[in-house]
Amino acid sequence: MTTAIPAQSGAVEAGVAAPPPVRAARGGFGRFLIRRVLQSLVVILVVSVIVFALLHALPGGPARGVLGQQASPEQIAAFEAANGLDQPVVLQYLSFLGRSLTGDLGDSYLLNQSVSDAIALRLPKTLLLTGLSLVVAVLIAVPAGVYQAVRRNRAVDYWLSTLAIVAYSTPTFFLGMLLILLLSQTAGLFPAAAPQGTGIAEVLAQPAALVLPVLTGAVPIVATFSRYMRSATLDNLGEDYVRTARAKGTAYRRVVLRHVLRNSLTPVVAMLGYYLPVMFGGALVVEQLFNYPGMGLLFWSAAQSSDFPVLLGCVLVISVATVVGSLVADLVQALLDPRTRGGLR
Amino acid sequence: DEAAARTDVNYALPANATPNWIVPLGIAGKLATHNSAITRTLWEPLVAYDGSEGEMGRVASADLADEITFSDDSRTVTITLDDRTWSDGEPVTSADVKLWFDLVKGNTDVWASYSEGRMPDNVTEVATPDEKTVELTFDKVYNPEWLQASQLTLVVPLPSHAWAKSADDETPDPALAETEDGAKAIFEYLIAQGEDLGTYATNPLWQTINGPYSLTGFTDSGQVELTKNEKYDGDDAASIETVNLLPYTSTDAEVNAVRSGAVDYGYIPTTGLDAPEQYESLGFAVEPWAGWSITYLPYNFNHPELGPVYRQLYVRQALQHLVDQEQISDVIWKGAALPGYGPVPQNPESDFLSEEQKANPYPFDPEAAATLLADHGWTAGSDGVLECTSPGTGDDQCGEDVEKGQQLAITILAQSGSAETDNMFAEIKSTFDQAGVAVTIESAPLNTVLSSIAPCTADQADCDWQLPFFGTAGSWYFGGYPSGERVFGTGAASNFGSYSDDELDTLMHDSTESTDPSVMQAYSKYGAENLPVMWLPNPVYQVSVIKEGLEGTTQDPLASFHPQRWSWAG
Amino acid sequence: MTALRRFARNRLAVVGAVALAVLVLFVLVGPLVYPTEQVATDLGAANLPPGTDGHPLGTDALGYDNLGRLMIAGRVSLLVGVLAGALATVVGTLWGAVAGYVGGVVDAVMMRVVDAGIAIPAIFLLLVLSTIVRPTVGMMIVVLGLVSWLVPARLIRAEALSVRTRDYVVAARAMGATHRRTVLTHVIPNTVGTVVVNATFQVADAILLVAYISFLGMGVQPPTTDWGAMLNDGINYIYQGAWWLILPPGLAIVIVVCALNFVGDGLRDVVDVKGRTA
Amino acid sequence: MSDVVLRIADLNVTFTTDSGDVPAVRGIDLEVRRGRVVALVGESGSGKSVTSLSVLGLLPGTARVTGSVELADGDTLRDVVTTPEDQLVDLRGRVASMVFQEPMTALNPTMTLGDQVAEAVLNHERVPRAVARERAVELLRSVGIPEPERRAGQYPHELSGGQRQRVVIAIALACEPRLIVADEPTTALDVTVQAGILDLLRSLVAERETALLLVTHNMGVVADLADEVAVMSGGRIVEHGLVDQVLLEPAHAYTRALLDAVPEPPPASSTTASRRSSLSRPGSTGAEVSTGSTAGGDDAREVVLDLRGVSLDYRVQGRHVRAVERLDLTVRAGEMLGLVGESGSGKSTAGRACLGLLTPSEGEVLLLGTSVARARGRARRRLLADVGVVFQDPGGSLDPRRLVGESIAEPLAIHGRDGRRLTAAEKRARVRELLDAVRLPAGAERRYPHEFSGGQRQRIGLARALALRPRLLVADEPTSALDVSVQAEVLQVLRDLHAELGFGCLFISHDLGVVHELTDRVAVLRSGRLVESGATADVFSAPRELYTAELLASVPAPDPVAQRERREARLRLASGEDVAPAPGAAR
Ligand SMILES: Nc1ncnc2c1ncn2[C@@H]1O[C@H](COP(=O)(O)OP(=O)(O)OP(=O)(O)O)[C@@H](O)[C@H]1O
Ligand SMILES: Nc1ncnc2c1ncn2[C@@H]1O[C@H](COP(=O)(O)OP(=O)(O)OP(=O)(O)O)[C@@H](O)[C@H]1O
Ligand SMILES: [Mg+2]
Ligand SMILES: [Mg+2]
Ligand code: NI
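Residue numbers (the working numbering), protein chains in the order written: chain S, 1 to 345; chain R, 1 to 570; chain L, 1 to 278; chain H, 1 to 587.
Honestly, the hints are just simulated from the structure, not real lab data.
Source: prediction; values computed, not measured.
For glycine and all other residues, C-beta sits at the position ideal for the given N, C-alpha and C.
A couple of the hints might just be wrong.
Some chain R residues well away from chain S (every beta-carbon gap over 10 angstroms; in silico) [said to hold, decoys possible]: (1) K132; (2) D383; (3) A454.
Taking lysine to aspartate or glutamate pairs in the EDC-like style, the calculated list, with each CA pair at most 20 angstroms apart, reads [claimed, not checked]: (4) R:K184 <-> S:E74; (5) R:K132 <-> R:D88; (6) R:K140 <-> R:E485; (7) R:K358 <-> R:E529; (8) R:K105 <-> S:E74; (9) R:K184 <-> R:D236.
With the hints as constraints, model all of the structure from the sequences given.
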């Protein structure tokens, strides 16, 4: 082990020769950020290498998938030559890397679109829908989880737990179908399709159509987050500081909201960091079920049809989202819990 | 009534397949049927040959040819053109046909429908004696039916007065296409324009049309709006004012749209055939749309161990006896797949189909299968799996190259992702297992299956696949003329299992190059009896739901839609 | 003994444990009590509604008795679900706890590995894997574990970051405890709430994922099946109102996950010694 | 209505635990009147904290309460036992407030201290947030937190134990309640600060007629502050009376035993005649003998701990703050070194550095001759096998999710003994032995830390530190939460063990009495610097530094009369400091 002694507590950074006080602060965080960005670049690079390698490990190459079973060997050869697939993988990767650096992600084999266009078209829509789901979910799940923890082992807690589990173990697809069947086709309250149209504005102009897809996307997240929230809140309710806060005459509700809530957000924050790539990657099932072509569908069909440029483009977008999500989660946690700030160095 | 008042139709495109090409010159990856169907409503082909009128044949009203006359020696064909004009008022002329030939000839490397020795290679001369006549000379004698159904149909007269240029600001000059470089430049230009999806509804190039519809809307998400072409002067005029082609992300999304009334002509999953009432009560007719296709499992005749076994006709017969096509079609596919017994598509019926194929030479009969195998020296081993115990070439022996102790154990590599396919193979496994033929099912996505079954020889390492399936949406779709040289011909690219049979080769050769019309039937008979592949029920193109009152919706087995024939009753 | 009693005091946990036991009996002993043909298909008796011909839950598209099928399917689902869930939880928890506890370079490297794992979409990984591996139950468990340990790793690391600043962890360190010991006896037990919640989700995920990877060709092979696949097949019949194809597998999954969750809660109660203060 | 602020009648509290019911309080009656200070003393684990918690209705859910606890709100008496939670909220902090025994964990780790204090103000007064925050700063100042403006923005983990305790006190004072229940409010405080806090409390009582229920084990504090004393033992009040009477003429045998156990306070200062307690502990002679031998300078003994010019920094809001400056310390085998000093002076920090938990920014820590900072892996573990540790925070340093038995056995599990793993039975036997040594009942090993009283937890920590046979013991306030009788016994155990094993010991404490009695040499820290060190007897009898003298003078004596004298002496000293610094005061 050559690392710093782990047990050193959070903000303690003993042993570093004291640099000038004020610059130390900015330097510390600044250096942390720089280091994280560098690490992130490495992650993205590694991911692209892995994905590239895996793609090329697939038997047969993309030509069959793109051209279909009727394609002749000449056509396949022509396709491979045209797309540089006949070159050594390393060269292919380097040229991909070179182009990506200039912002050119190449052209889709199948869509008759450049990859950046294809992504630019779908990303905002996906972000909007999954983002809304996430916001709705957090707004419901956090209070629900806290409430359950406060009512631990009472009937409400059991019922909400069961509900969360049922919601979670129902395939999203089935859930969406049920919602459509009940709220759309039987009750006629909302349309069965998500808002159609290209722009965000157009989508937002049809709020009724957003209800079902957002709900379908939100339910599993509510189930997840509320469970984690309940558990973390339970942990914190047992801490001594809760007693101190109560002794001050802080109402229990306020104790929970002001003290316990913040300290219990750790798992939810970690999960939120994870949902960022999910948001960028799209929610396939919701997109499929509600006729809302987004990133999920783009990626899925590209994977199915070996549309390598699109696949790689999507993976790049998702990796950026991942590293950003992980960084944001770390920062938010450090913000919430001063003891963990040592990790930011 | 309500239907009569409507002037538009909403048609659901196949799930997760947004249109992305309208130029009548196909390039790789842009050949999806819905693309060509849209193209055909804008530009009529020289010869239309399809099943849109109930049986396969030429549909003269939908093409630009007037008369097609073959010379006595069948080497040349003279085509006179209908008296038609482009939407900008220019007449459709023989030069427009010539432009197509020039462009395709100069760009065989990129034109996606190219196949060596076929169009345009087999045309040695394109003569245009006058404005309305085209004379094609072929390199040898071909079957005229074949020529009409699968070669001339490829030709789409192009507006030479508008398209024969290589840049926006050039003046079109048909002569440019006659040079090789010129042809390349024009082709490139047109393709480049075609790659700009956003301008499909506005690019002036695509406004010069001669079909019953014009393209008035094309969104990024793939929604297409076709509006009746007022300048159309042919026999196939549209009745519906506006046709909206709607893209869907999945069958479920589409079904929801159908149920909410957003779609007039759509499709449902096969399970819908179980209880059609649920759609009928919504005012839809449920109609399976049979495709002009066959579905099969290719035997890998070059598999190191099983190849010799597959090469025994009696083995193939026995295995075919074990496939209960009727039950599978009825119960598992609920009628959304139709039994197929040979190399010729059986729906709709045609003159190509032989009585023998129709009658199914190898009906489901486990006992017959058992007898066949037992008679050739196969006995069940201790694990119940049949084993060759009597190798040799005698009549009651396993046959050439089949070794003693060879087990009849087959791994089927099946396309994944469809409940019907999964169930079909579960059923096949069950019956095969009971007959002592051990079956292991592996499944993989279509792409993976297709990528791992290239034709191979026994000494190649990746020649280990045994019996693959890639036919959830039909294994092979034919053009108008269902000749199988590309699938079953010795050494053909799509002859994955390396089947090779002299007699079938001859029959297939004749089917394109002899003028004897009965040759296809002979081919159908031989293919049904000799079993180059294992025949399976052929899934329909889709199970359509069509709004009551929408007429003229005869479903073309070539899977193309012809909105100009549609109309609202009343 | 006290742990058992503490567990038993949570009545729902006991109910959960009993439900799990009953389910295990159902899938293991059930077929002995209620034998049905689950190998050979019978298309002649396919798609029967409940109650016909002595099929209490009807038959499926291949003519298998649905009740019997539920039992057979449960074997795969329970085995894969629980083991894959356990694998993902164990690997993820250890990974996250070590990263969070040790910190520094080790943490950076370990968490960047997790980032990379999350950045490679699972669909894609499964797709590639499906062309490489042969689908066996063991393989499925490994593959499912492989794609699902990342989230618990992140979660537990976040918790470990704060647990490691606690005095009792510092104390362990001062006593010369190895990283291994500290992580196993102090860090992980004090993140148990999150671990337990995550574990139940992992099991639910795994059971449903089995059906999903069948789609990619990595699922169980006929004539075996699993609850997720049964449920997926059944959903196709949703508009026909064929509840008997949807509800039984759906309920089975929900019961397993619910039961595990309640058992998890019970376990939590065992470890969560402080209990309620309110 | 009379002046009664709190009336406890027939209070019974029983805890439900896995190992059966634990009766903690068995029928006590107590009354606290306006302006009176009632001290609750008694054996560790006798139910003092439980009683005080019940006053505010803060007992955990596992407690069953019968009887009545009435609080006077204006003119009405309200029974806390039956009042629903939402109405209690109004009483807490306003009518009665509480100082918790274990300050280390009593504060919310993620909220700034200023906010936590301000919250108490905001709960009962409608004032703007900014005003509340200013008030918080003032409160922090009044409890003697240095640089309160800056500290208000800090988080609890950035404070020393004593500082945290003062924050907790500040919170309790925030709304000027009619009753303050203070559970060992000065355990973590050094004597000077303690004296300040006591002065503060005394003035509150005098000026605002605040009633004070003071739980403490420090007889000096009792003598200094209390009007009445109630002595608890085994959940009952065994004796109750006025302070002079109880302390000087104890009636109950237990009280007598308790007073007997009070360690002899060090001489108040060079200028004050120390009034030795008539009942000197017999063991103290032994200590003095060993002191004598050390003073003689036996440098041949192995050095087990060597701090050479060690400086330690913390990082606070991005700035490096020096907590310890060039500290030199040596502890030899068999030697006990007392480390004393004001709260926040860096004692615990130095202790942590000895264990390698902090890396010095300057200097070097040699543990048993090896640098801890450089030892890694197995070597480090082997090194630490010979070191016993007691943390300042007895509650926090025990894993809440492990049984006490497991915690005590942990060093055994980590290191084994004599290079060999112990069997479960051996471990169990050793745990019993240790529990017995620190006077915890058998069966304690099967309970969880939170089920114990503060003093009991502290003994658990001590037991853990002694589980192996250490060559060096680093003990950070190991007896602060113990009542004198238990403390005496525990110290005796320590002494016996020391005699047997001959370990070196760094004994961090603010209890100068204990230090005086136990240690051979003493080092005095102030603001992170070593200001004085030498043989304990010498330093205490003739401090060279004024600071040391001040420390000594602040030690309260367990005799009310004597304490009054000491207090005056201290005040004289404090004012004298301004006039004429003592000669030789090197600042
Ligand atoms: N984690 C930390 N971060 C920042 N400052 C700290 C931290 N821990 C302690 N300090 C500061 O360092 C100084 C010394 O603290 P230390 O805990 O060593 O005091 P101490 O002598 O043990 O006091 P006490 O007797 O009150 O426990 C104090 O001013 C304290 O505020
Ligand atoms: N939550 C609990 N569960 C079970 N037993 C408890 C609990 N809290 C306290 N006890 C027990 O109740 C008794 C009284 O504890 P209390 O904390 O009142 O002691 P104390 O007089 O304050 O002692 P000390 O001086 O050591 O703090 C002890 O024996 C303790 O073990
Ligand atoms: Mg106490
Ligand atoms: Mg301290
Ligand atoms: Ni290490």
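Here's how the hints hold up against the structure:
1. K132: 34 angstroms, holds
2. D383: 31 angstroms, holds
3. A454: 7 angstroms, violated
4. R:K184 <-> S:E74: Holds, at roughly 19 angstroms.
5. R:K132 <-> R:D88: Given pair K132 (chain R), D88 (chain R) holds - Cα atoms ~18 angstroms apart, limit 20 angstroms.
6. R:K140 <-> R:E485: OK: K140 (chain R) and E485 (chain R) at ~17 angstroms, within 20 angstroms.
7. R:K358 <-> R:E529: 11 angstroms, holds
8. R:K105 <-> S:E74: The hint holds at about 16 angstroms.
9. R:K184 <-> R:D236: 33 angstroms, violated
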